[in-house]
Amino acid sequence: MKNISMTAAQIAEIVKGEIIGDAARSVTGVAGIKEASADQLSFVGSRKYADLLGDSKAGIVLICADLVKIEKPESTLIVCKNVDAAFATVVAMYADVPPVFEIGIHPSAVVSPEAKIGANVSINANAVIEAGAEIGDNTVIGAGCYIGHDAKVGADSIIYPNVTIMFRCIVGRKAIIHPGVVIGGDGFGFVPGPQGLIKVPQTGIVQIDDDVEIGANTTIDRARFGRTWIKSNVKIDNQVMIAHNVVIGESSIIVAQAGIAGSAELGRGVILAAKAGVNGHITLGDGVQVAGTSGVLRSVPAGQTVVGAPAESQREFMARVALPGRFEKLSKKFAALQQEVEELKAKLAEE
Amino acid sequence: MKNISMTAAQIAEIVKGEIIGDAARSVTGVAGIKEASADQLSFVGSRKYADLLGDSKAGIVLICADLVKIEKPESTLIVCKNVDAAFATVVAMYADVPPVFEIGIHPSAVVSPEAKIGANVSINANAVIEAGAEIGDNTVIGAGCYIGHDAKVGADSIIYPNVTIMFRCIVGRKAIIHPGVVIGGDGFGFVPGPQGLIKVPQTGIVQIDDDVEIGANTTIDRARFGRTWIKSNVKIDNQVMIAHNVVIGESSIIVAQAGIAGSAELGRGVILAAKAGVNGHITLGDGVQVAGTSGVLRSVPAGQTVVGAPAESQREFMARVALPGRFEKLSKKFAALQQEVEELKAKLAEE
Amino acid sequence: MKNISMTAAQIAEIVKGEIIGDAARSVTGVAGIKEASADQLSFVGSRKYADLLGDSKAGIVLICADLVKIEKPESTLIVCKNVDAAFATVVAMYADVPPVFEIGIHPSAVVSPEAKIGANVSINANAVIEAGAEIGDNTVIGAGCYIGHDAKVGADSIIYPNVTIMFRCIVGRKAIIHPGVVIGGDGFGFVPGPQGLIKVPQTGIVQIDDDVEIGANTTIDRARFGRTWIKSNVKIDNQVMIAHNVVIGESSIIVAQAGIAGSAELGRGVILAAKAGVNGHITLGDGVQVAGTSGVLRSVPAGQTVVGAPAESQREFMARVALPGRFEKLSKKFAALQQEVEELKAKLAEE
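Protein chains in written order, with this note's numbering: chain A, 1 to 351; chain B, 1 to 351; chain C, 1 to 351.
Isolated chain A, as found in the complex (with noise of 0.2 Å):
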């Protein structure tokens, strides 16, 4: 972290947030809200969090317009209406700037003569790029990258060490991919055959557009044929399955290890929380919302979230939660009715 000192006023101005205490309270560096130190700056942005801010050490606070009542003399407390945003600000001041990769080809790279490479490359060390594959002005190929013949990458990309860009995919501008992503591994298919299973071909290729990012591990195959198709905006995170033929709208967010199966269709803006799963050949409609570990069978219309293994909604997961407890009590009002009857029938038949 750099070793800036900056002071409470300096920072409301730059956060536009309003100060709660001593303005010339000074902090050289940020930290969580557990962990940070008198000379640190942190932030709580939700009242439900109001017990670490009163525990906390911190010398500069940045919170929520709802935690303003909170007494806490001890620390400089710093109001701002986007708390997120405005600690994004301030981390991003602190930030070690990330290392600069070289322009220019290592020579223990591998580019083929029929390759097509940009302005102002950066392909590491031990990378290997096959003929006819074409990369764009000023992107990064990180080391032990391999890109496949004919495929492609966008302007102002970054390609961290270890991923494989298979033959024909085409990634778009503005990428961000992390180590040990595999783009353009072939789709599963398999036919039953007479002495075996039968690979179905998978001729198509992955598309992926401007301005995504992709997590580390993840994997996304090729087209059985056409394409998979990522579209502008989307953010994968880490160890996500995307099979063949998926088609994920613009902006939408695909947590950790989550899988959509083959042929499903996303629209725009939906949140596949973590380990989520979409059943194949389905369709997700805009800004659906999917919680994790919820396995989706069916095809869910835009703007719902759906919940559980099968998904359902959010009011229909509640009530299954719920059942067990629901169920006692009905035992219990059952076991009551029965012994009211039970009197009722010997009352009636002392008459």
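These are calculated hints, taken from the structure and not from any lab test. Among these hints, one or two may not hold up.
It does not matter which identical chain is meant; a pair holds if it fits inside one copy or across any two.
To be verified - The list that follows gives simulated cross-link-like pairs (lysine-lysine, DSSO-like), each with its CA atoms no further than 30 Å apart:
hint: 1; residue 1: Lys152; residue 2: Lys34
hint: 2; residue 1: Lys329; residue 2: Lys345
hint: 3; residue 1: Lys69; residue 2: Lys48
hint: 4; residue 1: Lys347; residue 2: Lys333
hint: 5; residue 1: Lys2; residue 2: Lys116
Remember, predicted model here, so these are calculated numbers, not experimental data.
Position chains B and C relative to chain A; hints supplied.
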């Protein structure tokens, strides 16, 4: 895609289908039913996609017998017994030839003089092959692959880039292994010791028989002793985890993100759908099918299908899924009965 | 496996076990109880595998005290206090020595002159080590590994092939890291912006303390700020996903395909079974155990075991599992009660 023009008559002859409409209609490519244009062929293999057929602009559509009643004069239909297989045949005719990997050892590859390399082998850029390793005839070792000491890869196999096969592991003939696969990492075993966890040595190997395909970033651990054993014709999708000493029977299918814990044994023709988990030390009989996201805790006899976590029969699972609705009904009926009993009590009191 | 002949007497002395049968019986190897032949040793550590013992052809079998009553004159039995540990001891005696990686820097490796390499280090073929990186004494860096700028790997560690450790991340002493692991990819964080999602800079590191083992293709993301922190003696299986700013306490065990969301904090000795998921920003106390495939939404106090998605106590989970059966019973009893009420009504009407 190859640009070949074919008529419905020619295609119908190849796929042994029956033409409905203009036999002279021609196409120059293939596409999905939603995307296909008037000069492309597509397919609809099930009645449930009848609407997609109605809306399609495809020039020629391969259909199943269930769909013959649909009127679609603007397209030529070809009725096929097995639409999937027929479409795969046409796709293969239009498919671009995949890139060919040059025979020989790339100068940047590091091949031990004590490794044994077969005839017509292609060892690509920056691959590393250790002492004692053996590579069978006609096999491709992709760029950046690592083949450990005394490991063996059979003839006619393709190992895509950046695959790791650790020491002494054995891969059979006609294997297809996608990028990022790791074969022969240590099994996961520890025993509590006086000063923390003590590693149990993992001294066995992974043995993979002939005709096995393994998807990107899948991991198969070496045995604690003996072997982790993938039998012939098994097909494994991406990001599957197979633990130490697991045995998988012939022609089984393991779909993406499934996991099999240590020493579990799967019979022939088992299917694990996506994200399914199988407990350690249990047995799944021949032909067992496990639904996606299920967690199988106990052994399952041959031929059964299980679903859920913990996995149970389909009938039991459906009953569980239906439970909230049935509970609501019972609750209402219970309230009504309570009312009746109240009325009886009142009546009896009157008398 | 080494071909050493040992007698039951010799083995019993080593494992401190008690012989039942022929002490002169000898074996030349080890195998699983189902596969072992007359010249091999095997083990049965629990009464539930008694049948396997009965059917086994193994020459010598290590057994637990629970099994002493089983008559098996064709094998020599050795009764052990801790069968697992005893078997591990024998396995280790028969285990082939793993390959030795030559000390020195392979000529194909690309090591920055600004990296700091310790004594007796083995840097293998095509590994890449960037400026400012530090490799401790006696450590092995496998073929194709990438060690980023200013990253540190401690002494006496083994980093297997094709591992990626990104800039500034820190790995402790005696680490074992299996192939395909990615340490220090960016954490996953975005905020909605006017023209799509805006990346939140991930400026922290990953810090891994001593004696940690990490399974193949696991990913551990760098912190948004500060560190993602894996404390000493933690053991992580394959394909585990650990998000930014997670903290994992000493001697915790994270089994395959588990995932931990951002800023979650795990205490000492926590066990996450396979495929378990842990929500972000929650705390699992010391010794918490999470069953396989569970999804933990809320913090869990020390010492508790949770199961299910959303995770609950074992008692609650068992009640949930039992619900369909109990519902059927209640439904029947309800129908009977309805009948009784009908009869009462009829009787009352008669009067």
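Q) Between copies, within a copy, both or neither: which fits Lys152 and Lys34 at Cα up to 30 Å? A) For Lys152 and Lys34, the Cα distance is within 30 Å only across copies (26 Å; inside one copy 45 Å).
- What label fits Lys329 with Lys345 when the C-alpha limit is 30 Å: within, between, both, or neither? both (24 Å within a copy, 23 Å between copies)
Self-check item: Identical-chain pair category, Lys69 with Lys48, by Cα at 30 Å
Solution: within (14 Å within a copy, 59 Å between copies)
- Task: Evaluate Lys347 and Lys333 at a C-alpha cut-off of 30 Å and name the case that applies: within, between, both or neither.
- Result: both (21 Å within a copy, 22 Å between copies)
When no copy is specified for Lys2 and Lys116, does a C-alpha distance of 30 Å or less occur within a copy, between copies, both, or neither? Classified as between: cross-chain Cα gap 23 Å, same-chain 39 Å, threshold 30 Å.
The earlier numbered hints are all upheld by this structure, with none contradicted.
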